[in-house]
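Line by line, the protein sequences give chains A and B. Throughout the first sequence, residue numbering follows the numbering used here, covering 1 to 60 in sequence. Throughout the second sequence, residue numbering follows the numbering used here, covering 61 to 849 in sequence.
Incorrect hints may appear among the rest.
[Unchecked claim] Computed footprint of chain A on chain B, listed as stretches where at least three residues anywhere in the stretch have a Cβ under 8 Å from a Cβ of chain A:
{"no.": "1", "segment": "218-230"}
{"no.": "2", "segment": "625-633"}
{"no.": "3", "segment": "653-661"}
{"no.": "4", "segment": "690-698"}
I should point out that these hints are in silico values taken from the structure, not numbers from a laboratory. Values in this document were obtained by computation on a predicted structure and should not be read as measured data. For each residue, glycine too, the CB sits at the ideal point set by N, CA and C.
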Amino acid sequence: MSSAEQTLRLLRELERLEQESESGQTSSFATEVSPATLLDALVKSDFNLTVAILDVGNGA
Amino acid sequence: MALEIWVESAATGGLKIIDHIPPERPCRLEGKNGIGKSALVRLLVLVSGMQPYREQPSLWQSLRNLVGQTVISINGLSGDYSSATVRLTPELWPDEPSESIGDWLGALTLDGDEVPVQRLFELLDVVHLSGTERLADTLKQQSGRLASALSDVADRLYGLDNQRAELGELVDQLRTVSPRVADSERALWEQVAEERRQVKADLQTAQPVADDLSRARALTALVETGDAAEHQRRLQELRGELEVARSRLGAAEANHDAAIAALAKGTVAQREVAKRERRLGANAKTMGKLLARQEELGARLEDLEIPADVELLDAAQKAVLDKASESARGRQRRLQVLAARTRRTDAENRLLDDVRIILDDAAKAGLGSTVLARINNQEITVSEFRGGLGFLSEVDDNDLEELATVTRDLAELTELKELFERRATLENEDTQLRLEIQRLEPEAAGHDELRSKAAETRAVLDATGAEVRSFMAQIGALSRSVLGGTDIGDVEAHIRDLLAKHNVQASELPAALIDAQAKILDLQAQDGNLEAEVDRLSASASRRRVLRETLRRRSESDEGYRWLSQLATALTPDVGLKAGPTDWPDETWQRLADHVTAFRSALSKLVGDVGGLQAIASQSPSKPSPRANAIKNVIEADALAELSAEPIADALFDSGTVRRVNLDEESITWTTPSGETRTRPLAAFSSGEQALGFMRARLQQIADQPTTDRLVFLDEFGAFISADRRRPLAELLTSDELRALAEQVVVVLPLQSDYAMELDQTTGDLHEIYTQRARAVAEHGYFAEEFTG
């Protein structure tokens with residue numbers, strides 16, 4: 001398993017735990033893109049920020 | 061083909077490293093303690109990109125200090141390269157055992173080509189299975205692997221720092237141009253404008269109160285000290301004396317005129333003197349008028365802390381007057397531009413605002429002296445253009461009350477400056493004229509009585525003129541004082557009226573005055589702040605328009621920003637955005653702002669999370685937190701998956717189902733096929749049969765994960781694996797079941813016997829083998845051969 005894949009697993013688990021602790025609260029628009037989603041896009045674009053923005057944008 | 065290892069040791073200080081592992085698979089590496097078996101294993105783990113000295117800083121530092129530029133060669137690789145050579149560079153190694161192995165490790169060549177050492181990490185996997193390793197340790201190592209993975213990702217993210225900073229600026233710009241911020245600023249502008257109207261109204265109410273109380277306070281002081289009556293008496297006396305002085309001045313002027321007229325009929329020289337005397341008389345009248353005007357403007361001079369009767373301005377007083385003029389001129393300029401707006405169309409005002417924003421930004425960027433245009437041979441710089449921007453000749457000073465006031469202020473200040481210049485010129489001219497008259501005196505001596513008469517009448521004229529000016533100055537000063545020319549009885553009544561008007565008791569006057577003045581200062585400060593905020597918000601709409609245009613054009617022409625227009629299209633596909641002069645719709649700008657802001661926030665959180673997780677994974681134990689729990693949960697899930705593998709479940713868990721690995725309690729819970737739930741501590745899986753069973757299971761697991769080149773060391777198993785079990789182990793290692801395990805498997809054993817001593821007791825093949833072993837041990841301290849059991 002690559003470093004990025006292992007990190008993604010950790011981020012998703014962290015996200016799950018945070019959502020559990022924040023259940024019932026509505027999230028602000030600023031957190032609509034999760035760190036895990038973003039890392040996934042960054043990995044796919046070989047850490048090209050603008051490509052990742054477009055990727056996340058197209059998926060939004 | 062099995063992997064072969066060669067080591068050219070440059071170690072010092074007693075550090076020993078085994079120098080050869082032959083290409084025999086599986087390989088038996090047996091030797092004396094301290095001969096360098098473990099050192100070689102750890103170095104090979106290190107060159108595969110893993111840290112074998114995690115949480116062992118002293119051992120790491122010892123290796124770094126002693127290993128020298130040791131060269132490790134690995135032959136028989138099965139991928140694109142057949143051999144790899146690493147020359148270690150311990151002088152570059154970090155002080156602490158870093159999880160992330162970097163360039164500092166050493167210089168790598170693959171088939172003779174120099175490449176970054178990290179390439180070897182991709183090609184080679186080194187697994188070190190230790191018989192003394194507890195299952196709990198195995199699980200904790202996973203935390204280290206996670207730390208290493210997080211470190212890799214963190215490094216990639218740090219590489220984006222500059223782009224993150226640029227993205228931050230872009231987010232600020234997109235938020236500025238977004239309709240939501242525009243609406244919010246519009247509402248804020250209305251609120252601030254209303255607040256300012258209220259403050260101005262409060263000022264208009266408070267100022268007369270402060271003025272009245274101030275006047276009442278001054279009058280009270282004069283009445284209480286008895287100065288009021290004296291003041292009034294002195295004023296009346298001065299007015300009488302002025303009348304007398306004026307009539308004397310009239311007579312002196314007539315006498316001087318007559319004396320000059322007589323002198324003008326004399327000789328040529330006397331006529332020349334008469335001309336100058338006449339000129340001196342005219343100057344005296346002009347000076348009188350200037351002084352009378354100076355007296356009228358005395359209050360303005362005193363406001364600037366310049367005495368009203370000052371003769372000539374010194375440098376400091378001149379600077380004060382210049383500064384006041386400059387300030388009034390700046391204020392007049394601003395008010396003129398403001399008044400001009402009311403005479404322009406919206407389109408004209410928008411054009412001016414846009415240009416103003418661009419010019420202000422350019423000036424801020426240090427481009428103030430840049431020449432923008434050349435008009436009628438006159439070069440216009442940014443600063444000059446900005447200074448003249450917004451001027452409209454049709455604006456009347458009476459368009460705004462405030463403008464009319466400041467225009468009057470400026471006119472009077474300018475008049476004062478000119479007045480003092482004129483006075484200085486007249487003084488110089490008078491001095492010159494008197495010198496010329498003195499020079500002409502010898503030639504005019506024939507009619508000395510005429511010249512003397514003219515001189516005498518001029519002296520009287522000068523004296524009476526000075527007397528009149530003196531009385532006027534004294535009367536002016538007294539008139540400007542609080543009391544003016546009011547009668548003492550009226551003064552006391554006036555004080556009572558002022559206090560009653562504002563419902564202030566006489567005893568409370570000092571405190572009430574301080575409060576009123578403090579309130580004025582506070583309101584003025586509020587007004588200043590609100591004015592600045594209104595200006596800022598007023599400029600925002602223009603700045604937004606200019607910024608949108610700049611961003612849009614950049615997204616069309618700048619390759620680095622092209623993604624912005626692509627994202628705009630992706631976010632609002634139904635709008636049909638086109639390149640060109642037309643602005644994008646508000647909806648597009650809002651979505652862009654929201655999206656890029658969300659992306660940037662996520663990026664910041666990602667960097668924070670990865671850094672935080674890395675810090676926690678690198679330390680143990682860690683305090684409970686969402687991040688620590690995430691790491692623990694992932695490790696437990698991995699462990700659960702690994703231990704649930706059939707070979708391990710068969711060997712260790714009664715062929716049952718593993719239910720839970722609990723890192724906190726260091727225990728495993730499983731259910732047997734009969735349905736019985738059992739829980740045991742991890743430490744229980746560490747010796748004897750179970751160690752062998754666990755090792756077999758681990759080998760099977762490793763074999764199930766294919767890789768290019770893998771080197772497996774089975775270390776410290778001697779204590780658990782009896783001699784009669786070694787043959788089955790050898791058979792296992794060469795079995796089809798574990799064919800994919802590794803390119804090389806090395807069983808590391810301590811010296812099992814004194815082979816030289818046993819030579820006499822052996823015969824045949826065994827004798828031959830023991831002979832070779834005894835020779836190798838004697839020469840190198842170890843032997844390495846094919847492992848057959």
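Exercise for review: Examine the segment 218-230 of chain B for residues whose CB is less than 8 Å from any CB of chain A, and state whether their number is three or more.
Suggested key: holds (count 5)
Review point. Okay, the segment 625-633 of chain B and chain A, do three or more residues pass the C-beta test at under 8 Å?
Key: holds (count 4)
Point to revise | chain A over the segment 653-661 of chain B, status - at least 3 residues with CB closer than 8 Å | key: holds (count 7)
Point to revise | Check of the segment 690-698 of chain B against chain A for coverage (Cβ-Cβ below 8 Å, three residues minimum) | key: holds (count 4)
Against the hints set out earlier in the document, no violation occurs for any number.
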